[in-house]
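From first to last, the protein sequence lines are chains A and B.
The first sequence begins at 1 in our numbering and counts up by one.
The second sequence begins at 1 in our numbering and counts up by one.
Hint data in this document are derived by calculation from the structure and do not stem from the laboratory.
Any given hint could turn out to be false.
[Stated by the list, open to error] Between beta-carbon pairs, the in silico distance windows are:
(1) F104/B / I70/A: 52 to 62 Å
(2) K49/A / Y102/B: 32 to 42 Å
(3) G38/B / K49/A: 41 to 51 Å
(4) I70/A / Q79/B: 53 to 63 Å
[What the hints assert, rightly or not] Lysine to any residue pairs mimicking SDA-like chemistry, simulated, CA-CA at most 20 Å apart:
(5) K172/B / E69/A
(6) K222/A / R535/A
(7) K193/B / R155/B
(8) K172/B / P140/B
(9) K422/A / L271/A
(10) K193/A / K422/A
(11) K491/A / I479/A
(12) K435/A / G419/A
(13) K172/B / K495/A
(14) K335/A / R245/A
(15) K172/B / E148/B
(16) K172/B / P78/A
(17) K491/A / A38/A
(18) K49/A / V115/A
(19) K66/A / D132/B
(20) K172/B / I64/A
(21) K82/B / H113/B
(22) K172/B / K193/A
(23) K66/A / R183/B
(24) K172/B / H113/B
(25) K49/A / M14/A
(26) K482/A / T60/A
(27) K193/B / D74/A
(28) K193/B / E82/A
(29) K172/B / I68/A
(30) K193/B / P73/A
(31) K10/A / A134/A
(32) K193/B / F79/A
(33) K172/B / D74/A
(34) K495/A / K539/A
(35) K172/B / P72/A
(36) K172/B / D77/A
(37) K172/B / L61/A
(38) K539/A / G526/A
(39) K193/B / A81/A
(40) K66/A / E148/B
Just so you know, these numbers come straight off a predicted model, no measurement behind them.
Cβ atoms here follow ideal geometry from the backbone N, Cα and C, with glycine treated the same way.
Letter by letter, the chains look like this.
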Amino acid sequence: MSEFEPGRGKRLGMVVGGSLLDGMAVRLDSGDSVEDMAVGRYVVVEGRKKKFFGMITDVTLGTIDKQIEITPPDMADPFVAEIIAGASTFGTVHVAPMLTLGLDAVSILDGPQPVKTVPSHFSEVREASEEDVALVFGREDASHFYVGTPLDMETKVCLDLKRFGERSSGIFGKSGTGKTFLTRILLIGLVQKGAAANLIFDMHNEYGWEGSSEGEQTRTVKGLKQLFPAKVAVFTLDEESSRARKVLTDFTVQIGYDQVEPEDIEMLSELLRLSPRAMDAIGFLLKKFGSSRWLEAFLSIESTEERDELAESLGVYSSTLRALNMSLSRLRRLKFLVPRTVEDSVQMILGYLDRGQNVVLEFGRYSDLLAYVLVANILTRRIHSRYVDATERAMGDKNQQPRQLVITIEEAHKFLNPGVAKQTIFGTIAREMRKYNVTLLVVDQRPSEIDEEVMSQIGTRITCLLDNEKDIDAVLTGISGKNELRTVLAKLETKQQALVVGHAVPMPVVIRTRDYGSPESYRDLGFASAAELRRRADKDNDDLFGDRS
Amino acid sequence: MALRVGEVIESNTTGFIAQCYELHAAPAFGSLVRVSDGALSTYGLVYDVTTSSIDPGRRPIARGKDEEDEAAVFRNNPQLAKLFRTDFTCLVAGYGEAGRIYHFLPPAPPRVHAFVHICTLEEVADFSGSLDFLANLVAPGFPGPGDELAGAFLRLASRARADDGFLVRAGKELAVLLSGDLRRLNAILRRMKP
Ligand SMILES: Nc1ncnc2c1ncn2[C@@H]1O[C@H](COP(=O)(O)OP(=O)(O)O)[C@@H](O)[C@H]1O
Ligand SMILES: [Mg+2]
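Work out the full structure, taking the sequences as your base and the hints as a guide.
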């Protein structure tokens, strides 16, 4: 029994107790310091018949004798200190068992299985080796995409992107923890593996052409269009801003007043400070002008007198309409909102998606919530309804069904909070799951504000550091081993580390997110160099439009 | 070669008393001795050394008032060396048979008049390969100064083994044995400190 053996991780200690529900207590060998342990690290327990994979969820200090706590020995003496450590005092780590792997040939083929029991007393516990981790998280292949490495390891943790896109997923974490970087990496994966078509509501213009990295010095990182020029279209709401940033856009989105429905305004009631009375007034306007004319009719009124007259004819207080006007006039400032549109943006987006393209919608300078919530809601509602039609027309014929679509939204709680989730299209998409081949990728820093029912439908949750108890609770609802994972979550580094749980991974795992933004990172993703990128772009174009020569 | 120092004069299953051939020539407290007794050798740890008059009824009287030094007392009174004896008491710490060392009690105690040798450092190193005997030394019923004995023997063994980790390993063994008595543990640790 040596400490190191090839293919096996370093020996840590042995199982001394525990249960399936509460996890196992592992007494550390005396030579091992608790200071070398890390919550979230991945271990292997070698039972007699099975190998168990688990994760360190807690580290505690134990003493054989309570007296030692009252009259501590002379630890200044290195000799005494060395003896006491591990003999009179010892470290215990708690390990949550996650998966088992039989040791015979047949069960190795079956791969990891969920745990149904615990290893026997005194089973040996080791750090998981690279081989062990590779066994569990697989290798990159047609649907598995490398997202990061386990803590202190080089092995790749791969996400099953097919499963990832099949159900709604979420990326959570405080501001500055790496959500945007993770999202971008996952989107690259989805595009590269062709696992789904993507529609990205890009509030801060980070995904389309380029984003920025705030390290010691700010630098730009490539967006999707630079990596996949032929597979990504950048739409913009603010052509001027896009041009100023030298972004080649494919289409400028405009939204007609006629496309704005009262539901959209209701979502904005908080942002626009609309009173319930004002909402009622909208109801009356709707009755009078119809759903496609009400907004235009109302906003086209220029004088107060005229507005007061309208109030009288509707039977509402004139003060109500004045207040409503004040609120809605903020919409006038949104240049992309026009009485009539020339081209139908939804039609354009669907066209691109149909052709296997991915669409990033940049918001340009409209990076406030008002524009974001309004546009995302309007477009998604209509796209979803087309998907419903198309799926129903396909009548179960898989080949006729529209391609899986993943819609990425940030500040997701604005669309999915309990107050609105029942009515909004995003709530509907999250709840109906994959019935119509549309799912969400929600990015949010306040998961506790997302409706619980919606949260329970989020299949894969990738969570960076969260420090608010309620947020931590929210992302862990319905997940087994919640208490253990809670500790893990609270202890993540402030950047570039995340806990991945759910549908797309065989077991919860803490990763250091793969690096993004350096030349090596692009090479790792299979993009050799700028020259290579250009060459590939030409080739893609040739494939699409035929050889030009 | 192991030095022969005396003969067993009393023995039982767990210990024996030996008399030294020379007055005041007992092995040091805490040293390891071997009693060779046919096929079996019994190992003992010296924990009590007594020098006394051969006639328990007679007490010695002081004789050195006019002598220059202590040695002169014996030189000028040659009968003294015959009137006193030095005995040492040992704990049976294990036995050897057919080239193997066992750290538990031998099937029979050493016989009276069996020869007692002081073990060489090499033998000490071999014997201290296992620390099982420590439990006997710190056990509650031990008749001698067990904690002192443990400290003394461990210092000797560490010298014999020239192994830095040895004292730490032994210390850890003691820490487990004395888990309920930290004060005693500390006292022993202070005694065995390198
Ligand atoms: N995977 C990564 N590779 C390189 N840098 C990263 C990575 N993740 C995070 N960072 C760094 O952390 C900063 C904050 O990340 P970001 O994704 O913008 O956080 P958030 O969206 O959660 O506010 C980035 O500007 C970048 O410097
Ligand atoms: Mg961000």
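Okay, the hints, checked on the actual structure:
| no. | hint | in the structure |
| --- | --- | --- |
| 1 | F104/B / I70/A: 52 to 62 Å | violated (36 Å) |
| 2 | K49/A / Y102/B: 32 to 42 Å | holds (36 Å) |
| 3 | G38/B / K49/A: 41 to 51 Å | holds (50 Å) |
| 4 | I70/A / Q79/B: 53 to 63 Å | holds (60 Å) |
| 5 | K172/B / E69/A | holds (18 Å) |
| 6 | K222/A / R535/A | holds (17 Å) |
| 7 | K193/B / R155/B | holds (8 Å) |
| 8 | K172/B / P140/B | holds (19 Å) |
| 9 | K422/A / L271/A | holds (19 Å) |
| 10 | K193/A / K422/A | violated (33 Å) |
| 11 | K491/A / I479/A | holds (18 Å) |
| 12 | K435/A / G419/A | violated (24 Å) |
| 13 | K172/B / K495/A | violated (41 Å) |
| 14 | K335/A / R245/A | holds (18 Å) |
| 15 | K172/B / E148/B | holds (17 Å) |
| 16 | K172/B / P78/A | holds (14 Å) |
| 17 | K491/A / A38/A | holds (9 Å) |
| 18 | K49/A / V115/A | holds (13 Å) |
| 19 | K66/A / D132/B | violated (26 Å) |
| 20 | K172/B / I64/A | holds (12 Å) |
| 21 | K82/B / H113/B | holds (19 Å) |
| 22 | K172/B / K193/A | violated (56 Å) |
| 23 | K66/A / R183/B | holds (13 Å) |
| 24 | K172/B / H113/B | violated (38 Å) |
| 25 | K49/A / M14/A | holds (16 Å) |
| 26 | K482/A / T60/A | holds (19 Å) |
| 27 | K193/B / D74/A | holds (13 Å) |
| 28 | K193/B / E82/A | holds (12 Å) |
| 29 | K172/B / I68/A | holds (15 Å) |
| 30 | K193/B / P73/A | holds (14 Å) |
| 31 | K10/A / A134/A | holds (17 Å) |
| 32 | K193/B / F79/A | holds (7 Å) |
| 33 | K172/B / D74/A | holds (15 Å) |
| 34 | K495/A / K539/A | violated (37 Å) |
| 35 | K172/B / P72/A | holds (16 Å) |
| 36 | K172/B / D77/A | holds (15 Å) |
| 37 | K172/B / L61/A | holds (17 Å) |
| 38 | K539/A / G526/A | holds (16 Å) |
| 39 | K193/B / A81/A | holds (12 Å) |
| 40 | K66/A / E148/B | violated (25 Å) |
The earlier numbered hints that this structure contradicts are 1, 10, 12, 13, 19, 22, 24, 34 and 40.
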